[in-house]
Amino acid sequence: MFRFLFDRDTWQEVFDSFNKNKLRSILTMVGVWWGILLLIGLLGSARGLENSFNRLFGNFATNSVFIWGQTTSKPFKGFQEGRQVRLSLTDAKKVEENVEGIEFLVPRNQNQATVIRNFLSGTAQISGDYPLLDKVQKKKLINGRFLNQADIDEKKKVAVISEDTYKQLFEKDVNPIGEYIQINDINFKVIGMYEVGAINIGSSTEINIPFTTFQQIYNQGDKIGYMMITGKPEYDISQIEQDAKLLLKNLNNIHPDDKRGLASRNLGTDFARVTGFLTGMQFLTWFVGVATLIAGVFAIGNILLITVRERTKEIGVRRALGATPFEIKRQIVVEAVFLTLVAGLFGIISGGWILIGLDSAFGQGDEAVIVNASVSIAVVFVALTLLVILGTLIGLIPAFKATSIKPIEALREE
Amino acid sequence: MLQIKKLHKSYPIGNSSLHVLKGIDLSVEEGEMVAIMGSSGSGKSTLLNIIGMLDEADSGEYILDGLLIKNLTEKKAAVYRNKFLGFIFQSFNLINYKNALENVALPLYYQGLKRKERQELAMFHLGKVGLTNWAHHLPKELSGGQKQRVAIARALAANPKLLLADEPTGALDTTTSNEIMAFIQQLNDEGKTILMVTHEEDIANMCKRIVRLRDGVIIEDKKVNQVRVEQYV
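So the protein sequences, as listed, match chains A and B. For any residue, its number in our numbering is found by taking its place in the first sequence, counting from 1, and adding 10. For any residue, its number in our numbering is found by taking its place in the second sequence, counting from 1, and adding 10.
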């Protein structure tokens, strides 16, 4: 059945009819070429974006939630509405002990302050932190180290600064480690400096000091600014969020239905929104790509229809010489599939070039917008199969057209 | 070789129909060279098309080499055409993007012969019409006479029992016409049965038998003394 595919004459016929209508055949193939190019290019870029998002979020635990206190909106247990709620370390401890599925719970305190070093000064966000923060919000240290337990225990006056803070307070090329900076007129020794990622919660000019030190200098007592909770991978972060909030409402005498007493931000749902967007984009890409492809294949069908019309007489001669209708049809279908496949292969190759171009333009370095833009072999196979199927289907139309004319009428054609 | 009995054929024209063949009885023996003559509209081409299985009769009997030709599927017709018949057309009908050799090899391709055999056989037949040196030329590089010789070689390639020629000299000048007719006579001498449609009296006289058609019926069927083309040259 498929032996004719390995027959030199089959291909001779295909090339002959291609050569006869070179320009037209090429113009038609552009349609299919463009469709595949779009498909590969867009899918690859979408993948690249997804990779880059994944990498950006990679520094963050994406299954995490922030919870902080606000003002109540409902009176409860004798308290009036409009009460300011502030969470405490005790609350944090209780949540950690009682809510299921928590991997880390990190209490934080934050404040704005003016920072001075020699004649330079700037404003920075001062955060009182535990060493655990590094676990949920990976700090890319350029110099020195992050806070450790000893800093906490001894309430050391040490600071880890972000790169942007460093730029405000230090001249270029000065090693900040061991230098002193003044926060609220208190001297802190710089022990580390880290890079600020492209996705950052809060200010980029940040200074992290030991939680206990923050407590003392700002007189915070047991209170905390907010807590950051990360869930274990097998747990649903939204459930953890609900459980923790319910417990905290209970501990702080907030009405269970009070929507404003406690606020939270779920990075998991944020992340899901972004990945959802990416999935949508991929779907759109397939849709656009395949639609363009179909349009291109239709163009090929159209051109073959015209070619068949022009070759009516030739087909008549062939049939007078003994070509069966099946042989004629088969030849035309082979031509259609051949044109779509060649155009498709060129499309895949040039789509690949585009991805290589994108990669060298936007895909280099740590801050790349598009990371490893590529399509999987499976996608290429699906595209090729699609091409063969579409090519066959569209080839059938001119094929039947060609043999629907009686040979006698075909021969009469001038 | 060929028996036709009470053959009728009509074509629909609008609501009415045109009765083209009104009961043709014709019998051709092997080795004959028959000219079918008649003015345009006499039905001679229709008769040739039916004999060539390119068209089908409405009623009547057509037996070719002992085989009843009736209600053929397209596929079967194609196979019979390939096996039994060779066609020569007025306008040559060579495939213009194939060279002479490939044109001659085409019926062999549809017979399913291997490439090498096809090439050899096609070359042999091209040699018979004296065009060995033109084998790799495209039709547009050939003269009218050469084109018709390629077409004859093509018709012969499949070794058909019956050669059908539709005005084979219609597009050629007198000298070339005679040249072509000389070939056809030579083929007949070698034993091929030839059926030819023409409206030229002198061409018809180069055959051995003339069948005259008028308005769809045979008005005359006579053996003639063949005029050998060599006499002209």
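Treat the hints with care, since some could be wrong.
[To be verified] Calculated cross-link-like contacts (lysine-lysine; reagent style DSBU-like; alpha-carbon spacing at most 35 Å):
#	chain 1	residue 1	chain 2	residue 2
1	B	232	A	32
2	A	339	B	85
3	B	171	A	145
4	B	233	A	30
5	A	339	B	108
6	B	126	A	269
7	A	32	B	80
8	B	232	A	411
9	B	85	A	30
10	A	259	B	85
11	A	145	B	85
12	A	339	B	232
13	A	104	A	233
14	A	411	B	85
15	B	218	A	339
16	A	323	B	93
17	A	87	A	199
18	A	411	B	86
19	B	124	A	323
20	A	339	B	126
21	A	339	B	138
22	A	30	B	108
23	B	15	A	30
24	B	232	A	416
Hints in this document: simulated from the structure, not taken from any laboratory.
Outcome of the hint check:
no.: 1; hint: 232/B with 32/A; verdict: 54 Å, violated
no.: 2; hint: 339/A with 85/B; verdict: 12 Å, holds
no.: 3; hint: 171/B with 145/A; verdict: 93 Å, violated
no.: 4; hint: 233/B with 30/A; verdict: 48 Å, violated
no.: 5; hint: 339/A with 108/B; verdict: 20 Å, holds
no.: 6; hint: 126/B with 269/A; verdict: 88 Å, violated
no.: 7; hint: 32/A with 80/B; verdict: 42 Å, violated
no.: 8; hint: 232/B with 411/A; verdict: 44 Å, violated
no.: 9; hint: 85/B with 30/A; verdict: 28 Å, holds
no.: 10; hint: 259/A with 85/B; verdict: 85 Å, violated
no.: 11; hint: 145/A with 85/B; verdict: 77 Å, violated
no.: 12; hint: 339/A with 232/B; verdict: 45 Å, violated
no.: 13; hint: 104/A with 233/A; verdict: 14 Å, holds
no.: 14; hint: 411/A with 85/B; verdict: 16 Å, holds
no.: 15; hint: 218/B with 339/A; verdict: 41 Å, violated
no.: 16; hint: 323/A with 93/B; verdict: 21 Å, holds
no.: 17; hint: 87/A with 199/A; verdict: 47 Å, violated
no.: 18; hint: 411/A with 86/B; verdict: 20 Å, holds
no.: 19; hint: 124/B with 323/A; verdict: 26 Å, holds
no.: 20; hint: 339/A with 126/B; verdict: 25 Å, holds
no.: 21; hint: 339/A with 138/B; verdict: 33 Å, holds
no.: 22; hint: 30/A with 108/B; verdict: 11 Å, holds
no.: 23; hint: 15/B with 30/A; verdict: 45 Å, violated
no.: 24; hint: 232/B with 416/A; verdict: 34 Å, holds
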